[in-house]
Amino acid sequence: MPKQQIKKSDTSSGQGLLWLFGAILTVQGFGSAITEAGWNSSFGVGGLLRAAHVPEWGTLLVGCAGAALLATAARRHFTKRQAR
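When you line the sequence shown up against the numbering used here, it's residues 292 to 375, in that order.
If you're looking for bench data, these hints aren't it; they were derived computationally from the structure.
Errors might be hidden in some of the hints.
Claimed, not checked - Across the chosen pairs, the derived CB separations fall in these ranges: (1) 305 with 331: 15 to 25 Å; (2) 371 with 343: 15 to 25 Å; (3) 373 with 331: 40 to 50 Å; (4) 368 with 318: 36 to 46 Å; (5) 358 with 332: 19 to 29 Å; (6) 372 with 312: 20 to 30 Å; (7) 330 with 367: 33 to 43 Å; (8) 347 with 307: 10 to 20 Å; (9) 315 with 345: 14 to 24 Å; (10) 347 with 371: 29 to 39 Å; (11) 345 with 373: 19 to 29 Å; (12) 338 with 314: 16 to 26 Å; (13) 332 with 372: 40 to 50 Å.
Positions of the beta carbon are idealized from the N, C-alpha and C atoms, including for glycine.
Turn these sequences into a full structure, and let the hints guide you.
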C-alpha cells in the first residue's frame, strides 16, 4: 500500500505570484505617488486612477496593498522555512 502524500495548499507558483503582484503594486502605487508629488505627473496605475477621478491618496492605497502582499509572501516564506 503506497504512502499518501500530503497535498500542499501553498504552491510555489502561487507564492511566486504573490511576490510578483506585491512588487508591482508597491512600485506602481508608491512610485506614482512620488512622481505626482515631485513632478506633477502620473504613470501606470496612478494615471488610470486619475482618469477614473480617484482622489490622490488612492495611489498610496495601491502601494500599501502591495506592501501588504509582500509582507504576506515574506511571512509564508519564513514560516515554511522554519517548518523544515
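Now for the hints, and whether the structure bears them out:
Between residue 305 and residue 331 the CB atoms are about 39 Å apart, so this pair departs from the stated range of 15 to 25 Å. Distance hint for residue 371 and residue 343: a CB-CB separation of about 38 Å, inconsistent with the stated range 15 to 25 Å. Remark: the range hint 40 to 50 Å for residue 373 to residue 331 is upheld by a beta-carbon distance near 46 Å. As the Cβ distance of residue 368 to residue 318 is approximately 20 Å, the hint placing it in 36 to 46 Å is violated.
The hinted range of 19 to 29 Å is satisfied by residue 358 and residue 332, whose Cβ atoms lie roughly 23 Å apart. For residue 372 and residue 312, the hinted distance range of 20 to 30 Å is satisfied, since their beta carbons lie about 21 Å from each other. Distance hint check for residue 330 and residue 367: the Cβ-Cβ separation is about 36 Å, which falls inside the suggested range of 33 to 43 Å. At about 32 Å, the CB distance of residue 347 to residue 307 disagrees with the hint of 10 to 20 Å.
Checking the proposed 14 to 24 Å range against residue 315 and residue 345 shows it holds: the Cβ atoms sit about 18 Å from each other. At about 38 Å, the beta-carbon gap between residue 347 and residue 371 stays in the expected band of 29 to 39 Å. Hint check: residue 345 to residue 373, Cβ distance near 40 Å, so the stated range 19 to 29 Å is violated. Between residue 338 and residue 314, the C-beta spacing of about 19 Å keeps the proposed range 16 to 26 Å intact.
Distance hint for residue 332 and residue 372: a CB-CB separation of about 41 Å, consistent with the stated range 40 to 50 Å.
Of the numbered hints given earlier, the model fails hints 1, 2, 4, 8 and 11; all others are met.
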